[in-house]
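Asks: Line order of the protein sequences matches chains A and B. When we follow the working numbering, the leftmost residue of the first sequence carries the number -6, and every step to the right adds one. When we follow the working numbering, the leftmost residue of the second sequence carries the number 40, and every step to the right adds one.
Note that these hints are calculated values from the structure, not bench results. It cannot be assumed that every hint is accurate.
Taking lysine to aspartate or glutamate and the EDC-like style, the derived pairs with C-alpha atoms no more than 16 Å apart in a straight line are [claimed, not checked]:
no.: 1; chain 1: A; residue 1: 83; chain 2: A; residue 2: 276
no.: 2; chain 1: B; residue 1: 222; chain 2: B; residue 2: 159
no.: 3; chain 1: A; residue 1: 311; chain 2: B; residue 2: 104
no.: 4; chain 1: B; residue 1: 118; chain 2: B; residue 2: 215
no.: 5; chain 1: A; residue 1: 303; chain 2: B; residue 2: 233
no.: 6; chain 1: B; residue 1: 118; chain 2: B; residue 2: 235
no.: 7; chain 1: A; residue 1: 181; chain 2: A; residue 2: 197
no.: 8; chain 1: B; residue 1: 222; chain 2: B; residue 2: 157
no.: 9; chain 1: A; residue 1: 265; chain 2: A; residue 2: 253
no.: 10; chain 1: A; residue 1: 310; chain 2: B; residue 2: 215
no.: 11; chain 1: A; residue 1: 83; chain 2: A; residue 2: 299
no.: 12; chain 1: A; residue 1: 27; chain 2: A; residue 2: 66
no.: 13; chain 1: A; residue 1: 311; chain 2: B; residue 2: 159
no.: 14; chain 1: A; residue 1: 255; chain 2: A; residue 2: 245
no.: 15; chain 1: A; residue 1: 303; chain 2: B; residue 2: 104
no.: 16; chain 1: B; residue 1: 242; chain 2: B; residue 2: 104
no.: 17; chain 1: A; residue 1: 310; chain 2: B; residue 2: 234
no.: 18; chain 1: A; residue 1: 83; chain 2: A; residue 2: 26
Computed from a predicted model, the values in this text were never measured in an experiment.
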Amino acid sequence: MKTNWLKPALAVLTAATAMLSTQTLLAQSAPKEKIAVVISTLNNPWFVVLGETAKARAIELGYDATIFDSQNDTAKEAANFENLIAAGYKAIIFNPTDANGSIANVQKAKTAGIPVFCIDREINSTNAATAQMLSDSYSGCVKLGEYFVGQVGETGKYVELLGIVGDNNTWNRSKGFHSVVDRYPGLKMVAQQSAEFDRAKGLEVLESILQKNPDINAVFCGNDAMAMGAYQALVAAGKDKQVKVFGFDGADDVVKLIAEGKIAATGMQFPKKMARQSAEFADQYFHGKRDFPQKIPVAVELVTQENVGKYGDYGRKK
Amino acid sequence: MMKRAVLAVVALGLLAGVFRLVPLFHLVSLKQEQGRQAAAEFNATNFAASFWNEKLLKSLDRAADAGQVLAALATDPQKARTQFGRTLGVSSSTLFFLRGTGHVVSVTKNGVSLALKDGDGPADILLPTGLLFGNAVRDGTGLLDASAFPNSQNFNDLSSELNRIVETTLLPQLREQAKVGAKISFAGCAELGDEDTDVKPVKVIPVSVKIESLR
């Protein structure tokens, strides 16, 4: 009598165990979902940190992640999107090269059913990306502008080095800065020129401007790479003690120069925080979340010689 | 020889025609590019004026009582920030939309200081009367959403326009009439950083000011 129910029970148990083992094996051998991290340029340490942090967080969360470099070229960026869509990537963490020019790429991914999470830079659309986590460049440069006036004074001559003209961040930074500085008629901008967010171009452009304007008091740069280039140009011209340099990004080399009293200030953008959050958004998407806010401003903090001790490693010190 | 010259001229003409139709490059000034970037149809001045009249001034009753918020900030800052404030995106700052009535305890070049309770002070609120910068008015009420603006430049232009409205419509009256002892009702926006512990006087950018009595 006993064996009558014991045999079927054992059979069920064996079958269940076999099913569980098969499922475990399948789970172990199932390929991980792939996340692409498309970065505008890796020719700038700040963006390298942005991309590497997003990749590392995606891997921590259990995904395969690969970085694609768009080399600040929308054509290269379009090719990256074609390739990663064809290669079966399931989500894209995206740092666009051009606010308008990059919309088509995001739209293409959306059509293919791939969520795109923009970081740092935006696209001029609210219905293509799944979410956009953006540095609040404007507000950061309002703070920088107020500090600039405090440091330089209400009269003086200055130069502005702009970033890439097709990028909204370039203009948000410039407009935030000018929303303050232009209210002081004694502050004269003697030159405004693009150095494309590039250190070497920052050096080259400021060298050329200094030849015509040797008596400037300050340089406002739309990012820290250009600020480093501008500072090099000033050192070469023997003017680094008399001209104050202001950057934007919170790059480690500039934060160090602020601590040494060589650069006046920068805006800390928290690239690691944005990158980690975007990878977490992708993970949440895979787990069913769909109601992401479209544009999420990330506050920028002013880093000066007075508070520089609190900052480092692309953020606030823990 | 003549024939080759004619052919060369024709070829050059054709090339010129092709390049005219499909130019190899365009020269674009920075200003033009900036203009292209800002959406052509967006007019920040009109949008700000409409928002000010149609939404903001009709929402003053949503502002929290300044005295209550200051008391809460003194007791439990974190709870007060959660209960009465809001944060835009990812930020360590908290924005408040406040209203109240107080009397002027001092007037300086920085602004008008108010005490909310009777007596000579200390000042609880500072209504600035100089140049205004930043996004407190745009973001403090929670009535505007960054996600509604495809181009963040438009959203940012609103800040300047709203600050300009405050500077031109409210501050002249405040500078002229706010003397020590005057009673003033106000509504406005404030921003506090996470490291702001001693918050008084809280800088409130006014969106509404009413001089209740001169002394």
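Asks: Against this structure, judge whether each hint is valid.
Replies: Going through the hints against the structure:
1. 83(A) - 276(A): 11 Å, holds
2. 222(B) - 159(B): 13 Å, holds
3. 311(A) - 104(B): With Cα atoms ~35 Å apart, residue 311(A) and residue 104(B) exceed 16 Å; violated.
4. 118(B) - 215(B): 38 Å, violated
5. 303(A) - 233(B): 14 Å, holds
6. 118(B) - 235(B): 15 Å, holds
7. 181(A) - 197(A): 22 Å, violated
8. 222(B) - 157(B): Holds - the C-alpha atoms of residue 157(B) and residue 222(B) are around 10 Å apart, at most 16 Å.
9. 265(A) - 253(A): 24 Å, violated
10. 310(A) - 215(B): At roughly 46 Å apart (the allowed maximum being 16 Å), residue 215(B) and residue 310(A) break the hint.
11. 83(A) - 299(A): Violated. Residue 83(A) to residue 299(A) sits at ~45 Å, over the 16 Å cutoff.
12. 27(A) - 66(A): Violated, because 24 Å separates the two Cα atoms, which is more than 16 Å.
13. 311(A) - 159(B): 42 Å, violated
14. 255(A) - 245(A): 14 Å, holds
15. 303(A) - 104(B): 34 Å, violated
16. 242(B) - 104(B): 15 Å, holds
17. 310(A) - 234(B): 14 Å, holds
18. 83(A) - 26(A): Judged against 16 Å, a Cα distance of about 6 Å means the pair holds.
Of the numbered hints given earlier, the model fails hints 3, 4, 7, 9, 10, 11, 12, 13, 15; all others are met.
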